[in-house]
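Based on these hints, arrange chains B, E and A with the ligands on the given structure of chain V.
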Amino acid sequence: MPHVVDCEILANERVAPEHYRMRVRAPKIAAAARPGQFGMFLVSRGLYPFLRRPMSFERIAGDGVSILYKVEGEGTRLLSQFAQGQSISVQGPLGNGFSVDPSFARHIIVAGGIGVAPFPGLVDALVSAGIVPEVIIAARTRDLILCTEDFRRQGCKLYIATDDGSAGEKAFACDVLERVKPDAETRVYVCGPMVMMRTTSDVAVAAGADCQVSLEAQMACGDGACLGCVVESKRKQEGEKMVRVCVDGPVFDTRTIDWDAHNLAYDR
Amino acid sequence: MPHVVDCEILANERVAPEHYRMRVRAPKIAAAARPGQFGMFLVSRGLYPFLRRPMSFERIAGDGVSILYKVEGEGTRLLSQFAQGQSISVQGPLGNGFSVDPSFARHIIVAGGIGVAPFPGLVDALVSAGIVPEVIIAARTRDLILCTEDFRRQGCKLYIATDDGSAGEKAFACDVLERVKPDAETRVYVCGPMVMMRTTSDVAVAAGADCQVSLEAQMACGDGACLGCVVESKRKQEGEKMVRVCVDGPVFDTRTIDWDAHNLAYDR
Amino acid sequence: MKPNLSTNVGGLELKNPVTVASGTFGYGQEYDQYFDVARLGAVTTKSISPASRAGNRPPRLVETPAGLLNAIGLQNVGIDAYLSEKAPFLREKGVPIIANIYGHSPDEYAELARRLEEADGADAIEANLSCPNVHDAKTARGATLVSQIPDAVAEYTRAVKSATRLPVFVKLSPNVVDIRDPALAAQEAGADAVSLINTLLGMAIDSETRRPRLANIVGGLSGPCIRPVALKMVWNAASALTIPVIGMGGICEAEDAIQFLLAGATAVAVGSMSFRQPDAALRVVEGIAVYLEQHEIADIRELIGAMEL
Amino acid sequence: MKPNLSTNVGGLELKNPVTVASGTFGYGQEYDQYFDVARLGAVTTKSISPASRAGNRPPRLVETPAGLLNAIGLQNVGIDAYLSEKAPFLREKGVPIIANIYGHSPDEYAELARRLEEADGADAIEANLSCPNVHDAKTARGATLVSQIPDAVAEYTRAVKSATRLPVFVKLSPNVVDIRDPALAAQEAGADAVSLINTLLGMAIDSETRRPRLANIVGGLSGPCIRPVALKMVWNAASALTIPVIGMGGICEAEDAIQFLLAGATAVAVGSMSFRQPDAALRVVEGIAVYLEQHEIADIRELIGAMEL
Ligand SMILES: Cc1cc2nc3c(=O)[nH]c(=O)nc-3n(C[C@H](O)[C@H](O)[C@H](O)COP(=O)(O)OP(=O)(O)OC[C@H]3O[C@@H](n4cnc5c(N)ncnc54)[C@H](O)[C@@H]3O)c2cc1C
Ligand SMILES: Cc1cc2nc3c(=O)[nH]c(=O)nc-3n(C[C@H](O)[C@H](O)[C@H](O)COP(=O)(O)OP(=O)(O)OC[C@H]3O[C@@H](n4cnc5c(N)ncnc54)[C@H](O)[C@@H]3O)c2cc1C
Ligand SMILES: Cc1cc2nc3c(=O)[nH]c(=O)nc-3n(C[C@H](O)[C@H](O)[C@H](O)COP(=O)(O)O)c2cc1C
Ligand SMILES: Cc1cc2nc3c(=O)[nH]c(=O)nc-3n(C[C@H](O)[C@H](O)[C@H](O)COP(=O)(O)O)c2cc1C
Ligand code: FES
Ligand code: FES
Numbered sequence: 001m002p003h004v005v006d007c008e009i010l011a012n013e014r015v016a017p018e019h020y021r022m023r024v025r026a027p028k029i030a031a032a033a034r035p036g037q038f039g040m041f042l043v044s045r046g047l048y049p050f051l052r053r054p055m056s057f058e059r060i061a062g063d064g065v066s067i068l069y070k071v072e073g074e075g076t077r078l079l080s081q082f083a084q085g086q087s088i089s090v091q092g093p094l095g096n097g098f099s100v101d102p103s104f105a106r107h108i109i110v111a112g113g114i115g116v117a118p119f120p121g122l123v124d125a126l127v128s129a130g131i132v133p134e135v136i137i138a139a140r141t142r143d144l145i146l147c148t149e150d151f152r153r154q155g156c157k158l159y160i161a162t163d164d165g166s167a168g169e170k171a172f173a174c175d176v177l178e179r180v181k182p183d184a185e186t187r188v189y190v191c192g193p194m195v196m197m198r199t200t201s202d203v204a205v206a207a208g209a210d211c212q213v214s215l216e217a218q219m220a221c222g223d224g225a226c227l228g229c230v231v232e233s234k235r236k237q238e239g240e241k242m243v244r245v246c247v248d249g250p251v252f253d254t255r256t257i258d259w260d261a262h263n264l265a266y267d268r
Numbered sequence: 001m002p003h004v005v006d007c008e009i010l011a012n013e014r015v016a017p018e019h020y021r022m023r024v025r026a027p028k029i030a031a032a033a034r035p036g037q038f039g040m041f042l043v044s045r046g047l048y049p050f051l052r053r054p055m056s057f058e059r060i061a062g063d064g065v066s067i068l069y070k071v072e073g074e075g076t077r078l079l080s081q082f083a084q085g086q087s088i089s090v091q092g093p094l095g096n097g098f099s100v101d102p103s104f105a106r107h108i109i110v111a112g113g114i115g116v117a118p119f120p121g122l123v124d125a126l127v128s129a130g131i132v133p134e135v136i137i138a139a140r141t142r143d144l145i146l147c148t149e150d151f152r153r154q155g156c157k158l159y160i161a162t163d164d165g166s167a168g169e170k171a172f173a174c175d176v177l178e179r180v181k182p183d184a185e186t187r188v189y190v191c192g193p194m195v196m197m198r199t200t201s202d203v204a205v206a207a208g209a210d211c212q213v214s215l216e217a218q219m220a221c222g223d224g225a226c227l228g229c230v231v232e233s234k235r236k237q238e239g240e241k242m243v244r245v246c247v248d249g250p251v252f253d254t255r256t257i258d259w260d261a262h263n264l265a266y267d268r
Numbered sequence: 001m002k003p004n005l006s007t008n009v010g011g012l013e014l015k016n017p018v019t020v021a022s023g024t025f026g027y028g029q030e031y032d033q034y035f036d037v038a039r040l041g042a043v044t045t046k047s048i049s050p051a052s053r054a055g056n057r058p059p060r061l062v063e064t065p066a067g068l069l070n071a072i073g074l075q076n077v078g079i080d081a082y083l084s085e086k087a088p089f090l091r092e093k094g095v096p097i098i099a100n101i102y103g104h105s106p107d108e109y110a111e112l113a114r115r116l117e118e119a120d121g122a123d124a125i126e127a128n129l130s131c132p133n134v135h136d137a138k139t140a141r142g143a144t145l146v147s148q149i150p151d152a153v154a155e156y157t158r159a160v161k162s163a164t165r166l167p168v169f170v171k172l173s174p175n176v177v178d179i180r181d182p183a184l185a186a187q188e189a190g191a192d193a194v195s196l197i198n199t200l201l202g203m204a205i206d207s208e209t210r211r212p213r214l215a216n217i218v219g220g221l222s223g224p225c226i227r228p229v230a231l232k233m234v235w236n237a238a239s240a241l242t243i244p245v246i247g248m249g250g251i252c253e254a255e256d257a258i259q260f261l262l263a264g265a266t267a268v269a270v271g272s273m274s275f276r277q278p279d280a281a282l283r284v285v286e287g288i289a290v291y292l293e294q295h296e297i298a299d300i301r302e303l304i305g306a307m308e309l
Numbered sequence: 001m002k003p004n005l006s007t008n009v010g011g012l013e014l015k016n017p018v019t020v021a022s023g024t025f026g027y028g029q030e031y032d033q034y035f036d037v038a039r040l041g042a043v044t045t046k047s048i049s050p051a052s053r054a055g056n057r058p059p060r061l062v063e064t065p066a067g068l069l070n071a072i073g074l075q076n077v078g079i080d081a082y083l084s085e086k087a088p089f090l091r092e093k094g095v096p097i098i099a100n101i102y103g104h105s106p107d108e109y110a111e112l113a114r115r116l117e118e119a120d121g122a123d124a125i126e127a128n129l130s131c132p133n134v135h136d137a138k139t140a141r142g143a144t145l146v147s148q149i150p151d152a153v154a155e156y157t158r159a160v161k162s163a164t165r166l167p168v169f170v171k172l173s174p175n176v177v178d179i180r181d182p183a184l185a186a187q188e189a190g191a192d193a194v195s196l197i198n199t200l201l202g203m204a205i206d207s208e209t210r211r212p213r214l215a216n217i218v219g220g221l222s223g224p225c226i227r228p229v230a231l232k233m234v235w236n237a238a239s240a241l242t243i244p245v246i247g248m249g250g251i252c253e254a255e256d257a258i259q260f261l262l263a264g265a266t267a268v269a270v271g272s273m274s275f276r277q278p279d280a281a282l283r284v285v286e287g288i289a290v291y292l293e294q295h296e297i298a299d300i301r302e303l304i305g306a307m308e309l
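Residue numbers (the numbering used here), protein chains in the order written: chain V, 1 to 268; chain B, 1 to 268; chain E, 1 to 309; chain A, 1 to 309.
For reference, chain V alone in the conformation it holds in the complex:
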């Protein structure tokens, strides 16, 4: 059950050229939150930007949550300017989150760019369920490879790839996944740009692996009311074709998504 809470900002620090980590005190939200869920952050006091900004919880720890975010435009720019001690309104936890299922023999996380954001929390949950996942982190360039220390600390086997080869190998996420050979006993968790999620989950599906993707969409309400954040599912029935990223997701079994219907031309 989500709440709207004014949260004290415990920290809001730059962690990469365009990336920040914010930690907020939010006992009610932290108590209810699961990895893969998100919050809607009120970034402006005036009316501009008007809408809240959705941000996945990076970690859920004790009485607080953290987010890891990239400055994209005006909203995230304002978010980056909040100072420690100030208060910010957070609506959450929202969405379904990742499911943690020890019955899979192998667990592989695939993160593209800022898509790494929800995974530190997922790794915490997996590890406490006795699962040590492998982690593939891909990004455009070296500076954008984040959270490697968190994953190492948890004992995860790490694969790093960059488009320009400035860190790890020069490859795309899907290529790395293919090489590490997922199989029918594997669960793959993917988050990143839409195009990367599609290519990566194609590899997983081809290998017969289970694949959970954490999708993105423009959001207004975050709680299922506005029907603005839908993606097309493979369901045939008229009324059920569109699924809402905010409440039916953001995490979906990639097999349920009609990837062919998704028009990548609209993604920047």
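Hints were generated in silico from the structure; no laboratory data involved. Beta carbons are placed, not taken as given, at the ideal position from N, Cα and C, and that holds for glycine. Among the hints, a few may not be true.
[Unchecked claim] To give an idea of the interface, some chain B residues facing chain E are shown, with a C-beta separation under 10 Å as derived from the structure:
#, residue
1, GLY46
2, LEU47
3, TYR48
4, PHE82
5, ALA265
[As the list claims (entries may be wrong)] Partner residues are not named here, just some residues of chain V that face chain E (Cβ under 7 Å, in silico):
#, residue
6, GLY62
7, ALA167
8, GLY224
What follows is chains B, E and A with the ligands alone, placed relative to chain V:
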């Protein structure tokens, strides 16, 4: 000739419950500015509020100017949150300013509430022209009586009045002015709420004194282009009836203003 | 002594003059997570159509200065699922239901109204006439929404009125020359109230991809950016009509709602602001009460149409 | 190699596609204090009427979310003072002049156009048809602006065309059902281009005084808040017309201007943004050049109408 300059904020301090003083480094503007002129301050980085906020220069000193302002709504609230060292865009100097004319035997300044803002600078100018004005400061209550020290330091005779009698005498500005008996050799300078400016200048005019009023109006451009900030003058010709507070004013000889035409019902 | 907030909209008794705008509040349950929706004067549902609809393809939303564009395309569960899955919750809560309906012919509207009354799924019907006019839509130019053709507004209104005894509100589009034309047509056809405004047509383009931001190309503009347009139309309509007006369009706070009441609205609806602040509608209810007390106004009705000229 | 920014609007050659919106830039001199206005493609003047006008009583402005309402009431110096006091400055600067005119009859418009050409006070005429239609204004309801009646648009356009050889642009109001109706009427009557949009009608009320914020009660809404509405109308008009469209409405930055060009505008006008940032129009010119270079577009004309569907 006005400029639009990004100015470094030297200070922005609370001086009364709802009042602040901001000093900015603005050599170009300070070099050109006269007392009674104003600047348009860009209070928001986003688009809300959209318009700049007009603020009279309180003092023009060396390479900077200061403003004294009251938090009215969203724009001035944002203004009050600027921190020392940050930069703010200022358009100015704008308007005509007060005229300083030693040929008058007596000079009386009448300030109502935040209307005191332009007068420290005017007093500086009068004093350096060898004139020591008398100053009447009226406000709702004690806390809102500002700048008394500045005026005393300059040797001005001070009359203080409050609506509730919490400081000085319990009286209105116009009553005090009447008592100090301006005459045909007197120039009166008035700034405050519209209703106070009217009653006060009526007293001055009745006494045959010269009276300069510094008017207010909603402004958009500040430079005469939009025709939004007009007040009705006594001019008869269709095309000249409306005068612009931003360029024809803000300072007017009260005799040229058609006070009967001004609908006080629109002022809060 | 507490001021009276209750008002009557075309036969619908409301304990306070605040409802929500159709499509911005789901079917109430989504927001009951944040506050007790029974504290609202009424809950207005997402448009309900005869059959479930998938709506438009994504992207469906884009943010604009002080507002947003949406092209949901009236995705909804359809009347059957509404009655079996959605209405029971609101009945359970005991909050009055304004059921917003959407069809493609007068008959479809009539049938929706009839079934809603029959199954006790509504206390009032709000007919969203911002639907394409099947006839005119074919012509490349000119009016394409029922709401843009006074005669069509009258025809659809009569159809709904003849199908139910529930109060019937007619929801109008602002994309007209003079809002009084469709509003008077609705009144003459027996509408018990009019609701305005629906969204203003608009669009946005991504200068990088060169594509429209919405897969549907155009969408409806809502939020504080449209408030001045909405307020003017509410004033025009309220001045010309004898039936009540439900005012909406960019209402964010109680102060905004009071402007609509002063302009002549008998009730108001909070829309897009619920996205920014989930309990915005409740805050408006509370803020209106505070305003009345501070201004020593005993009865909300003293405010309605009380703008001074 | 520098990209080509020059464009031709109905016979008017512009070195870049950026002008200013009538009434937001005075007669150019006010803004020449901040930047060299000769760097703009053209300067569009405040509406010029046969005689000087005092305009509406104050208050004339009120700020709204991401915009403002104005009710200036077309205060202006009149054609005589324009020609003797205002035009010489712009001629001195050598920047093309789009003279915006406003009258109360086709004859008045024709006479204004004739005199402007005769006295070399304009390089193009922009006829502001958002003026009350003397005939219909009498009827309480329906169309009251010339711009809202396609036949009247045609009549006024023909009158201006017959009076001058200068390019004639017709400026249209967005308060219509379908912008293509008046736009096509203007084109059929010989207009060389259409300019849109003018302001959207709106109002605001002071909940403390209970009075309208504007002495005129209603005013025109402008600024970024109306951009989505303007962009949609520019796209509709440009898709339907063979003559060029000058797009305006909430343009703040180059990125906004590029959206209008992609939607089909041949040129754009910066309006209210000049109030916030006096050199906004110049920044748009420079920003467009940067965009073209970054995207390796050799000629601005490649952008016009290049939105992809
Ligand atoms: C469920 C979910 C979880 C997310 N988690 C994170 C996270 O952990 N870290 C992070 O950096 N980003 C995350 N995002 C993306 C983030 O919300 C956007 O980058 C952000 O909203 C951009 O806002 P802006 O104003 O800075 O950019 P602008 O370009 O100004 O945004 C303009 C509009 O587009 C929307 N928007 C822009 N990009 C996106 C996007 N990629 N997804 C959804 N809406 C978008 C904004 O909300 C706004 O309405 C998440 C998105 C979703 C849907
Ligand atoms: C020439 C001139 C000089 C001024 N000098 C000072 C000064 O030195 N100190 C000071 O405290 N105030 C001064 N004011 C008034 C000041 O500009 C307003 O108080 C301020 O704009 C309010 O903005 P806001 O957003 O806080 O209030 P809001 O109520 O949010 O403002 C809403 C709108 O009304 C306008 N507005 C509100 N009140 C006024 C007003 N009284 N005059 C003009 N526009 C107004 C705002 O600009 C804005 O467009 C001056 C006004 C003018 C015209
Ligand atoms: C996401 C969204 C969906 C909407 N869906 C509907 C709808 O289904 N039926 C309807 O009559 N109006 C619909 N509207 C219009 C609103 O009910 C309201 O008329 C409009 O948004 C103006 O109010 P606002 O500015 O407060 O949002 C929708 C608006 C939004 C933003
Ligand atoms: C203060 C003001 C005065 C205006 N005066 C005129 C005018 O005299 N003639 C005219 O055709 N349009 C006039 N307009 C409309 C603008 O030219 C423009 O069409 C409208 O403001 C939309 O552009 P914007 O949102 O960029 O301001 C005026 C607009 C404003 C804000
Ligand atoms: S964001 Fe509103 S339904 Fe998902
Ligand atoms: S503020 Fe624009 S003319 Fe004065």
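Hints, one by one, checked against the model:
Proximity of GLY46/B to chain E holds as hinted, the smallest CB-CB distance being about 9 Å (cut-off 10 Å). Given the 10 Å rule on beta carbons, the hint for LEU47/B holds: about 5 Å separates it from the nearest Cβ of chain E. Interface restraint check: TYR48/B against chain E, minimum CB-CB distance 6 Å, threshold 10 Å, status holds. Using the Cβ-Cβ criterion of 10 Å, the hint placing PHE82/B at the interface with chain E is not satisfied: the shortest such distance is roughly 22 Å.
The beta carbon of ALA265/B comes within 8 Å of a beta carbon in chain E, closer than 10 Å, and the hint placing it at the interface holds. For GLY62/V, the interface hint is violated, since its Cβ never comes within 7 Å of a Cβ in chain E; the closest pair sits about 24 Å apart. Given the 7 Å rule on beta carbons, the hint for ALA167/V is violated: about 27 Å separates it from the nearest Cβ of chain E. At about 5 Å, the closest approach between the beta carbon of GLY224/V and any beta carbon in chain E falls short of 7 Å, and the interface hint on this residue holds.
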